[in-house]
Amino acid sequence: MTPARSTDSIITPLTRKDFVPKVDVRWCPGCGDYAILSTAQKIFPELGIPRENFVIISGIGCSSRFPYYLNTYGFHTIHGRAPTIATGLKVANPDLSVWIITGDGDGLSIGGNHLMHVLRRNLDVTILLFNNRVYGLTKGQYSPTSLPGHKTKTSPMGSIETPINPLCFALASEATFVARTIDTNPKHMLSVFHAAANHKGTSFVEILQNCVIFHDNAFKDVASRDVREDQILMLEHGKPLMFGRDKNKGIRINGMTTEVVTVGQKGVKEDDIVTHNQYNMDPSYAYILAQMSFPDKPTPMGVLRSVKRPTYADQVRDQITKSIEQRGEGNLQSLLLGTYFWSYHAEGQKPKASVADGSVFRPYDEEIEIQSELKAKAEKLNENPLLRFLREPVKNVLGKYGLTSGIFVAPHDSIAKTIQTMKKNKVECLLVVDGKKLVGIVTERDILLKVALQKMDRETTPVLSLIKIRPEKIHESSTIGYAINKLSMGKFRHLPIQSSEGPLGVLSIRNILNYIYESASGEHPDS
Amino acid sequence: MESNVKKSVTELESVVIRFAGDSGDGMQLTGTQFTNSSAIAGNDISTFPDFPAEIRAPQGTLPGVSGFQLCFGSNQILTPGDTPDVLVAMNPAAFKVNISELKNGGIVIANTNTFTPQNLKKAGYTSDPLEDKAFSQKFKIIKIKITDLTLEVLKDNPLKTSEKTLCKNFFALGVTYWLYNRDMDYTLGWIKRKFAKKTDVIDANSRALKAGYYFAETSELMPTHFHVSPVTTMEPGVYRKISGNEALSFGIITFAKTSNIEVVYASYPITPATDILAYLSSNKHFGIKTLQAEDEIAAIGMALGASFAGNLGITATSGPGMCLKAEMMGLAVITELPLIVINVQRGGPSTGLPTKTEQADLLQVLFGRNGESPVPILAARSPSDCFETFIDCASIAFKYNTPVVMLSDGYIANGTEPWKIPAIDDLPSSHITYADKNVEYVPYQRDPHTLARRLAIPGTPGQEHRIGGLEKNETGGVSYDPENHEKMVCLRAGKVAGIARDFKPTEINGSDHGKILVIGWGGTYGAITTAVNRLQKQGHAVSSLHLRYLNPLPLDLHQIIKNFEKVLIPEINLGQLTMLIRAKYLIDAECFSKVQGRPFAIQEIETKIRTYL
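Protein sequence lines, in the order shown, are assigned to chains A and B.
Each residue of the first sequence is one higher than the one before, starting from 5 at the first, in this note's numbering.
Each residue of the second sequence is one higher than the one before, starting from 59 at the first, in this note's numbering.
I should point out that these hints are in silico values taken from the structure, not numbers from a laboratory.
No experiment lies behind these values; they were computed from the predicted model shown.
Hints should not be assumed to be uniformly reliable.
[What the hints assert, rightly or not] Here are some of the chain B residues that sit facing chain A, going by a computed Cβ distance under 8 Å: (1) 308; (2) 343; (3) 366; (4) 371; (5) 385.
For each residue, glycine too, the CB sits at the ideal point set by N, CA and C.
With the rest of the complex left out, here is chain A (with noise of 0.2 Å):
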């Protein structure tokens, strides 16, 4: 039989080979950290998670190099950070499965702060946290988790810290996933990475791990199999928290506090004990377990607490999907024209901004209606030959019927020099200039109306106080289209011209007649 072309549906099941790289693991021989990598070597090709997904995230530390030993895609980062990179990584992209891979060092003491935040925020991530009470990689200074009285080079008198304990800790920072494991015990690693890749948050297991060189034995009291079911507390929801070789002592929670009592002594009896309940949506429950520690108690191993919370990507990313239903999707030119904007279509004319209501905002689409109307109607200007002048400067108009000279008077010129220039020049308007800059306009209209009949002295008045202040004016540049315009829509019967340098002239509408005529014909207009 011919075997089935591949396709891509057609996956092959990964296996832990899939996931070795092909690089020497340069740990320790005998380093704790051996089981931890074959416990993650062994597990990953049974989560149906395509291999390209997984990302191994890591600090420095000896457990740091963790992600070098898979063949993933891996990031080894610095010294404490690993969760904020896993917190971008994860918000870029929520599909991907992230581990981030840290140490008492690396997790409590250096990055205390990014460990409490990722946890709180619950991102969907599972946090190996190797403790082996010990900085391996420095050579062997005493750690955040290192007991008191431990003597190293730092510490040759021994530590006078209180150590912290990482379960606590990820239950006081309202971790959702805690769970505790031991290098020596392959199995139970296995089933807890299990539950913890499985839950979806954050998933923090404590992993305590034996460093061969820098302190052996630190877990010696709950690491070996003939110590193993008198000192240790193996938690499984929904079983009754029951411990001991003969399977006989068990947990009573007294108040606030958790004893070590025996089923058939002193009247106790099995209903006393405590039913594990990792589902426990009060965090007390779990916190009390943690406490508890050989020699006094037995140290508990397994899953303390798994409850759900919305986790962090998965909100972040519902933000932007209400606020996109909410507002529509981003518009960019609107936003960019912001609330109100203004804008200036020709060169040296006041900004167009107001509408009738006095308010200055217009909708974006409204002011591209508006441009794309005027761009309409200069294409239609431009089909026409007849009126293609209308796009010309008005300074061809000015050169050829507009006035130029004798046309100005300075502001503090009499009214009675106002008139004389305008009878001298046989004008019926002039621009009132200070410098180089239009201050005014002054017409026949102006003189007739205010001097004739507020009977203002001519003599000392000077034309200041006669004019409009700010007239309408345009740029030389400007088409004989636009003069037009603001001719008309100004009701104006004149209209000063200027230049970059200062005021040229002024333009009346039969100046613009009389070009048109011209233009038209082709000859002018007095012959």
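Model the placement of chain B on the given structure of chain A, informed by the hints.
Using the frame of chain A, we list chain B on its own:
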């Protein structure tokens, strides 16, 4: 509004106004309203808010004074102005803090209701300074009982007296509107929109504004008012007013959209960079993933993690926050991932002057990491320039797979100016080139031209690989080989140096040769350019250039420098760029230094240049 012809009108080219009062007096709002009205009237504008680090220092005290300065004019305006022509002082403390900077012959508009013995004492006065001849001879002091007049005009309004008192800033605004011939329409419209259904509040603020305007128009206190014509040099187009932090936020959103890239913006609140996080967070519908991190380190870590995943990671900070990011920047350098680190500089060292401006982080971002750790550094020159500079940074980060530092500063971040809104279609777009999926992936194999390594992102089958802070060889293996290390150090340095090939020729303001070349970077642009333009108009052989690219420096810079007799570098530090220029080109460049938490005045630079002419 121009009906009153009894009072004379004086035409001015530009005006500088400073509004000052208690930090609860609404001075920022008042200044902003005046600015917007001026922009809409067609003036060019530039603003600079100056607020205290304390959110609400005790009322009436000197540390509680909040100020807002703006310059508006009929010509190109590049700075908020050296010395105010007008000071609006809402209380004695505001008067005391600002009076020394007022121009000789300048106008003071004082709210005399606040000049009570108690407030005078708080400001450290033993007698009323408004009655002091030393002031009244030097300045034109206009005394107005602003609080009383506001309450008087609002006596029918049902609001509580305390609420009515709050409207006094609108009365003061009205006075300045008349004084500078401004239209009230924009502000009246704004009040209506802002207070939508609170009709009493709309009524109160609108009436206070109008009352101020008409009071000024009729009062004999002000015989003259002024007019500043619209600018005639603006390019046609649609404009808005923009601050540096806004422009930066827009740059981020725009780059994400035009390059079709997902962005993670992670930041820890710190003045003056915080606004960017707030702005992006309130515009989530643009899809930017904003993360408020637990600290500065986490913020850059999150950004780098996002970049590793194929998003663009961005973080921003100010002042001491930059120190905390150094280690992660080193990781970004060695892993060669695109990342943007924005530093909105403020006064330092340490907590320093959180709300004041400075440019003293240049050498830190250039050298402040262990090892040979090259990063490209770009600096924005003005508020609106933050937009383009960010897009430039992001394009470099993508093309060269490198972290990039963008420098802004407190002056640019909070200052505003008009901005011609670009057409979206004209904006550049970028994309990352990922490694070919059909050939074996080699993590540190490089593009022969750019020297950028090729990226493969998690989730891509067959390209699984490990990166990290340990030195690697080309295939991605950890390597302690001495020669490999030197090779990688040189490749990383060469990659960053090579970015200079992409730069457009450096623009020179003025002739390409002459007596003096003034070189600037960052927020000193407006003051330098205006000073140099003034001197050029007087016929002096002075030119200036403003560097956006601080690392690498432009390739043509050396040749340009050679064509001048003297190089002067004004900086808000003790000579950081100067040190680089001297070291790199072996020239006797001179620093003009000022480190007062405030920008250069145009006059200061002009005077300094003159000493060489």
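Status of each hint after checking the structure:
no.	hint	result
1	308	holds, 6 Å
2	343	holds, 4 Å
3	366	holds, 6 Å
4	371	holds, 6 Å
5	385	holds, 6 Å
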